[in-house]
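Model the full structure from these sequences, guided by the hints.
Those protein sequences? They're chains A and B, same order as listed.
Everything in the first sequence is counted per this note's numbering, starting at 1 for the first residue and increasing by one.
Everything in the second sequence is counted per this note's numbering, starting at 1 for the first residue and increasing by one.
Calculated from the structure, these hints are not laboratory results.
Computed from a predicted model, the values in this text were never measured in an experiment.
Quick reminder that beta carbons are idealized off the backbone N, C-alpha and C, glycines included.
Just a sample of chain B residues kept apart from chain A, beta carbon distances all over 10 Å, derived:
| id | residue |
| --- | --- |
| 1 | R81 |
| 2 | Y127 |
| 3 | M131 |
| 4 | A139 |
| 5 | E204 |
With beta-carbon atoms standing in for the labels, derived distance ranges:
| id | chain 1 | residue 1 | chain 2 | residue 2 | range |
| --- | --- | --- | --- | --- | --- |
| 6 | A | V71 | B | D74 | 42 to 50 Å |
| 7 | A | G59 | B | E271 | 30 to 38 Å |
| 8 | A | G49 | B | D74 | 30 to 38 Å |
| 9 | B | R289 | A | G59 | 27 to 35 Å |
Computed from the model, here is a short list of chain A residues facing chain B with C-beta under 10 Å:
| id | residue |
| --- | --- |
| 10 | D46 |
| 11 | V47 |
| 12 | N73 |
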Amino acid sequence: MFRRLPDTDVPTIEVTIDGRGARVRAGDTVAAALISAGVLASRVADVSGAPRAPYCMMGVCFECLVTVDGVGNRQGCLVPVVPGMRIETQRGKREVDL
Amino acid sequence: MSRELREADVAVVGGGLVGAAVAWGLARLGTRVVVLDEGDVAFRASRGNFALVWVQSKGLGMPEYAAWTKLSSDLWGQFARRLADETGLDVAFRRPGGFHLCLSEREVENRAAMLKRLHNQPGIVKYDYEMLDAAQVRAMLPQVGPEVAGASFCPLDGHVNSLRLLRALHAGMQQHGATYLADHVVERIEPRGGGFRLAIRCGEVRAGKIVLAAGNGNARLGPMVGLDVPVRPQRGQIIVTEKVAPFLDYPIVTIRQTDEGSVMIGDSVEEAGWDTTVGAGVVSAEAERAVRMFPHLARLNVVRTWAALRVMTPDGFPLYQQSVGSPGAFVATCHSGVTLAAVHALVLAPAIARGELPAEQYGAFSPRRFHVPATA
Chain A
1 MFRRLPDTDV PTIEVTIDGR GARVRAGDTV AAALISAGVL ASRVADVSGA PRAPYCMMGV
61 CFECLVTVDG VGNRQGCLVP VVPGMRIETQ RGKREVDL
Chain B
1 MSRELREADV AVVGGGLVGA AVAWGLARLG TRVVVLDEGD VAFRASRGNF ALVWVQSKGL
61 GMPEYAAWTK LSSDLWGQFA RRLADETGLD VAFRRPGGFH LCLSEREVEN RAAMLKRLHN
121 QPGIVKYDYE MLDAAQVRAM LPQVGPEVAG ASFCPLDGHV NSLRLLRALH AGMQQHGATY
181 LADHVVERIE PRGGGFRLAI RCGEVRAGKI VLAAGNGNAR LGPMVGLDVP VRPQRGQIIV
241 TEKVAPFLDY PIVTIRQTDE GSVMIGDSVE EAGWDTTVGA GVVSAEAERA VRMFPHLARL
301 NVVRTWAALR VMTPDGFPLY QQSVGSPGAF VATCHSGVTL AAVHALVLAP AIARGELPAE
361 QYGAFSPRRF HVPATA
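Structure representation (structure tokens):
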């Protein structure tokens, strides 16, 4: 669906997406990493249950909410990937530990 | 542009929760209703409120208000079911009982004393409430923080999705044939020929009766038909968090989790005129108390804050009156448009349709109470 621009080679780093190892580009945001890894539905909406995907990619629309390192409702398009990051597509509402 | 001319049995001025509840109640009785509303720029308490259906603590100084509030709470279940049957919209009314949490022994004592005074009033309606100590609160609300010292609990308290309530009332009244007109600010009202002529910018509306339900706008409109409506704006500020999995089974007077998962925080009261600016000081204080009550709230992201204006009378109680000089002109105004929506729709609207607000039910709510001489 999406293709990388043919620019220079950029180092990749290792993260996990829904528990599976994935190599993503250093400097990408979580949302960009998900898109380039072929994950189209990055969450399931908390009220309607509909599958949703990153949309504005600039922090406005809140469509790209994902769970990052165990914390839900992170805006994927605003969080840069780091080595070892655990990225999970979000199913419904964020759980909050009491 | 051609001038608009409309006729109706009843013109309701104001399309917020009070006006829409009365209009729905009138329309379902077969009354031809037109609702004249402002546009999106209106100060819309109906979209800024906290959405509690709340009984405890209401009516100190006016026992009739406690009875009126309890009646609405008791009617709310059937009111919500009728709206759902008619419109397919579930307004998410829940009445699990509600808490007023206290963060010190002193707050507990003050709370207990206030409720005792309220329930000792002559003629007060009887209903259950109880003071709970810290251990009793923890048994029902295990998530509370260590500073919670006690609470009052009333099984009649509940909450609702008030945005969906406004939408359901609008959908329902239009299904019953009511006409809703936005951007129809009423400029003048003139009694004419046993009815009323309401001047709007682009024309006029003629109606046999009128109901002033324009919130703080009633102060301007009332005198046009001989009604004194001393209401003023009173600011409240609200914080809303991201949606999270359900964790709070009961509404707290200052904190509730909505049916869709957001947490709403806020109960501030400020005299700030028409200023709807959000102040960091007030929302910080609200958030600080909320986190002391439920420490895990500190980890939630705030997604919105806003300020809205209550519609406040000098004593804080509702105001219902038919004009003596211009019979057929009614005013209905309060700061409890959510709690009282059920009685407005199911009790007040039929009374307006009959053309009379019986003194035994409505006498205490007349604005005449503001003009009692200081000495007898």
